[in-house]
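Go by the hints and put chain B onto chain A.
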Amino acid sequence: MKQRFDAITLSIVWSRLIAIVDEAGTTLQRTAFSTVTRESNDFAVVLMDAYGRSIAQSSISVPSFLGVLPMLTKVLLERYFPPNSWREGDTVITNDPWLCAGHKPDIGLVSPIMRNGALIGFIGTIAHSPDIGGTLWGAGGRDLYEEGLMIPPTKLIDAGKENTVLLDIIEANVRAPKQTIGDIRAQLAANEQGTRALLRLMDEMNIDDIQGIAEQVIEASERAMREAIMAAPNGTYRYEYDADGDGLDEPVRICCTVTIADDEIIVDYEGTSPAHRLGINAVLNYTYAYTAYPIKCVFSPDVPNNEGSFRPIHVTAPQGSLLNAQKPSPLGARNITGNILHAAVFGALAQAVPNQVQADCGSACWCVVLNGYDARRNREYVEYFFLNGGYGARPTMDGIPTLSFPTNVANVPVEVLENSAPILVTEKSLRRNSGGNGAYKGGMGQKFAFKNISHEPINISLLTEKTKTVARGLNGGGDGKRGRVYIKPKRYIAPKGLDKLYPNEELVLELPGGGGFGVPD
Amino acid sequence: MRYRLGVDIGGTFTDFVLLDEAQARLVFGKTLTTYPDPTDGIIVGTRSLLRDCGIEARDIHTIVHGTTLVTNAVIERKGAPTGFITTEGFTDVPEIGRELRYDIYDIFLVMPEPLVSKKYRVGVHERILASGEVLKQLSRDDARTAVQKLVQRGVKSVAVSLLHSFMNPSHERLIGEVIREEFPHLYVSLSVDIMPEIREYERSSATIMNAYVQPITDRYLQVLEQRLQELGFEGKIHIMISSGRLTTVQGARKAPIQLLESGPAGGAMAGVFFSSLTQHRDMLCFDMGGTTAKASLIVNGAPEITHQFEAARVRRFKKGSGLPVRIPVIDLIEIGAGGGSIAYIDKLGLLKVGPESAASQPGPACYGRGGQKPTVTDADLILGYLNEEYFLGGTMRLSREAAYEAVQRHIAAPLGISVEQAAMGIRRVVDENMANAARVHIIERGFDPRRFPMMAFGGAGPVHAFSVARLLGVSRIIIPVGAGVTSALGFLVSPVASEATRSYVKPLDEIDWEQLNAMLYEMEQEGFAFLRHADADVSQATVRRVADMRYVGQGHEITVPMPLGQLSEQSIPAITSAFLQEYEFRYNRTVPGMRLEIVTWRVAVSAAAPKILPSQHGTNGVASKTSYTQRLVWFEGNAAPTMADVYRRYDLVQGVVYTAPAIIEEKESTTVIGQHARFSVDEHKNIVIDMYYPEGSV
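So the protein lines, in turn, are chains A and B.
Our numbering numbers the first residue of the first sequence as 1 and each following residue consecutively.
Our numbering numbers the first residue of the second sequence as 522 and each following residue consecutively.
If we strip away everything but chain A, and leave its shape as in the complex, we get (with noise of 0.2 Å):
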């Protein structure tokens, strides 16, 4: 019997139900080891009902995650656990790209949640671990084979009793194993915790079922998108988009066609290049939440994330391309990808809502990972630290320096990264008149500098874009300045992929301005 509630007790009940997943995920990041986690929100929890549909998902998440959580569990409901095979104190565990986030370091972890024996709901999490063996995390590995382990969906905790066989398999492929153990558990706390604060909720309510409310949520949330999509202008816009690809000799190009139908957006990337050599390939998950994300901020920001808010977008990618990559693809490095997709979009809607859309941005996020022994402290250290390009101009203000965009990834600051590894960073600091000249300016990249002060080589996984390429302006607004990244004393580096840094050589990093937005007055 499912039960329908007024306007008051919805919004009542739908900020409770908001307040528990992002009190979970606040656990998660907080107890977490992984740098990407804790530092960068890279983690996502969502509350789902009996079918695997989103209600609610953690607010302050990347967007990696967009719908990615209800996907898995509905694979995992058809095809590997039916859903009279669910059991109180069950978890699933997989990381398989496919079905989960796109790269093998996401960890997804599924929970029923069970009332009175009945299965009511699933609660997720899914986070990037701090190792999953392979070669050091990037762009470096050549097939999905060299990317590490692969764990297919497996019960970690099958009615209570864990899984040990398979907790000593992760723990002896992984370079930090502690801290990929210790995250995994995070993970399993936090399922737990927002299982134990839906279960009060109810108790409260008095109440045993969830999908009235569930729907209700699902309803509001897609009737607001649709409303929002409906106010534009029907058409079909197409954008055309040139990335580094290895920033050498094989750039890709990324072919957008959105199409405003009504109140539904159909996004489809025919003509986007092959997958690529390096580990820049998107699965179609991956793809569809960086496509979905744009569309969102300029459709529907404020409104809570779940399922409805997604119903109206459909994405689709020709299969083997970058963004729909198949098996034995690497895919490493897809969040180079992925964060790119939104200058696609933006660029093809722009030509539909000019005023709610921003020009391009310094993006990629910028990820060094560094790896070697520190004689300092006597121990091997990995150590994960990320930089940020110009943020993009706004239809009615300038872009910001060195922001964040689409992902949300703080800076490691320099003080703590000196204590981390046996480096000396020589500067960070704007890189003046680099954003896009416009109406609207776009925002400053940076320049980072650091050198190897140890004795011993470092090994480096380097994560760059728009070393070729730019930053495009929108709308008559000019284009930013493209990155730049070199060896002093001068040797060749490549942008992406696996390198050393040997003792007394320094890395210059130059990130790329924002584009600009309007003509120059």
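Simulated from the structure, these hints should not be mistaken for lab results.
Be careful, since some hints might not be right.
With a cut-off of at most 27 Å between alpha-carbon atoms, the simulated BS3-like pairs for lysine-lysine come out as follows [said to hold, decoys possible]:
id, chain 1, residue 1, chain 2, residue 2
1, A, 488, B, 657
2, B, 551, B, 757
3, B, 873, B, 894
4, A, 451, B, 1027
5, A, 500, A, 490
6, B, 657, A, 490
7, A, 178, B, 1027
8, B, 639, B, 677
9, A, 451, A, 468
10, B, 657, A, 451
11, B, 1132, B, 551
12, B, 1188, B, 551
13, B, 775, B, 599
14, B, 873, B, 839
15, B, 840, B, 873
Same frame as chain A, but now just chain B:
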């Protein structure tokens, strides 16, 4: 010399509380805050209070003062032209920030502007390594050139924050020395004095903010001291700081950012006062005003302190939209819910309340000052909680018609429900918002909200306390006396104290214990020196030592109590178990086999808090019998209004157990007591409400 005076300058009112220590008597006073010079109001109010009590200014031995001056200077950007000196190559750090967006979906977001622009930021040739070792020595000439540049550009105050200075302050000290010797008219703030903690952006941000407000605070305190002396005052002045402690005028002039949250800290300290008065060691303070509600916890007789704070947020209730200031601040959560919060129907067709507020201008519709939109106060009036004839003691008449009209047009009609149902909806939504935020705040700290009695104050606090308490499962509510001047009251019970902070980032098994002990000793000595300087009784002083700790590899630290005395390798088990206990408490789990790391040490040296034994409070009228009237009031879940008893607070008699539902009116507020409760007044005239819960409802 037997009087202490608390003075709190707020946006609208300046509040006074005078304590007669001999008779343990409190006298309250209130005047309008004066602009542009708030000291005018202090002098006027103090004079009138002295006159009323028939005493002279020289009878007061201590004045404790708190003000919104510093907060407002930062929000309104009215500080002095400020310069910033840092390590060459890093002058843009204050503008780069942490590169993180505070709102994921708003592409039109605005980030807080740094307090110093490019032109006022200069680099010096120097470099200290993470270990504290000097890689490149700073020359005196280079330091001088940097300062000169800033002076030529018109700077009045200088902030200095060099990389890794918390490990080795010598270069910052050198710049400080050059400024004092060669540019004596300049104000200077060194990061090593303001916030000697790792993370360059946060440290620079706090140091810059301190420099920015220093000249203005200095001038203000100088004028205040002088004018109080002219009044005949010969005693000490203490200043309330964000941590709920008191500092000296000199301490406030040196580190004015400590004053950022002095008003709210006073409110929380009033909670400490009432917790000891009513013998509850733990308490939830709930303060609801016109625009915001605040919740904070008192645990074991002390307020919870945090070191994560942001000033001048671009969006008031959005974490991350302000400038970070890592100073000790009473840990309180601010919610966009107050009497003036506006109710509306959002685009999903849902009823929402706040955070937008009609504030006091134009105010709720029922104020009849031009406000058209329905607010929480309008709903409270419609439901019968407020008395239109006795609002603010009858000084302001409320319009029931205007409240009806606003709720009807904006809420009831679009939802197709009655005005009363709509008003109840507004109330339920705003109460739920507050309860939700308070619940998250409490659970995040590892506590169960049901174990805390609630103390409610602020104009709207007692009106909403009952239903918020019900949602949290709280079983006792205390509505204290003096609800209109709580912050000033809190000033009088706060201890003189100082807190020293020092980052020393090391895994436990790599600590150089000798170096650490020397550092802790120095920090303690600084604290004692400060107390002596403040004329506080050092023999009664207590030392509290805590450390921010984490597992090696984590990014968030938790604050853990540390053993006192000399530490050594033998202390590792005690430190470890303190960490594990705190970690388990907060997150319900620990991570076996991981190394531990300490990031920052904090040492607080505190004099004893002054004790107030209020044998008698404020007004003394003893009523011989209880008089009350009755009116119809709507309570949640009822289809029709209920007849409730209505009392004047001044008529309530100690020792009587009253039955609910009831409404208690007083000048500053109205206490609403719903069903399933009873209440009484204690010997201090606090209202004590005991609630009971039907089986299985919580």
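Tested hints:
{"no.": "1", "hint": "A:488 <-> B:657", "verdict": "20 Å, holds"}
{"no.": "2", "hint": "B:551 <-> B:757", "verdict": "22 Å, holds"}
{"no.": "3", "hint": "B:873 <-> B:894", "verdict": "13 Å, holds"}
{"no.": "4", "hint": "A:451 <-> B:1027", "verdict": "23 Å, holds"}
{"no.": "5", "hint": "A:500 <-> A:490", "verdict": "14 Å, holds"}
{"no.": "6", "hint": "B:657 <-> A:490", "verdict": "24 Å, holds"}
{"no.": "7", "hint": "A:178 <-> B:1027", "verdict": "20 Å, holds"}
{"no.": "8", "hint": "B:639 <-> B:677", "verdict": "16 Å, holds"}
{"no.": "9", "hint": "A:451 <-> A:468", "verdict": "24 Å, holds"}
{"no.": "10", "hint": "B:657 <-> A:451", "verdict": "15 Å, holds"}
{"no.": "11", "hint": "B:1132 <-> B:551", "verdict": "23 Å, holds"}
{"no.": "12", "hint": "B:1188 <-> B:551", "verdict": "13 Å, holds"}
{"no.": "13", "hint": "B:775 <-> B:599", "verdict": "18 Å, holds"}
{"no.": "14", "hint": "B:873 <-> B:839", "verdict": "17 Å, holds"}
{"no.": "15", "hint": "B:840 <-> B:873", "verdict": "20 Å, holds"}
The earlier numbered hints are all upheld by this structure, with none contradicted.
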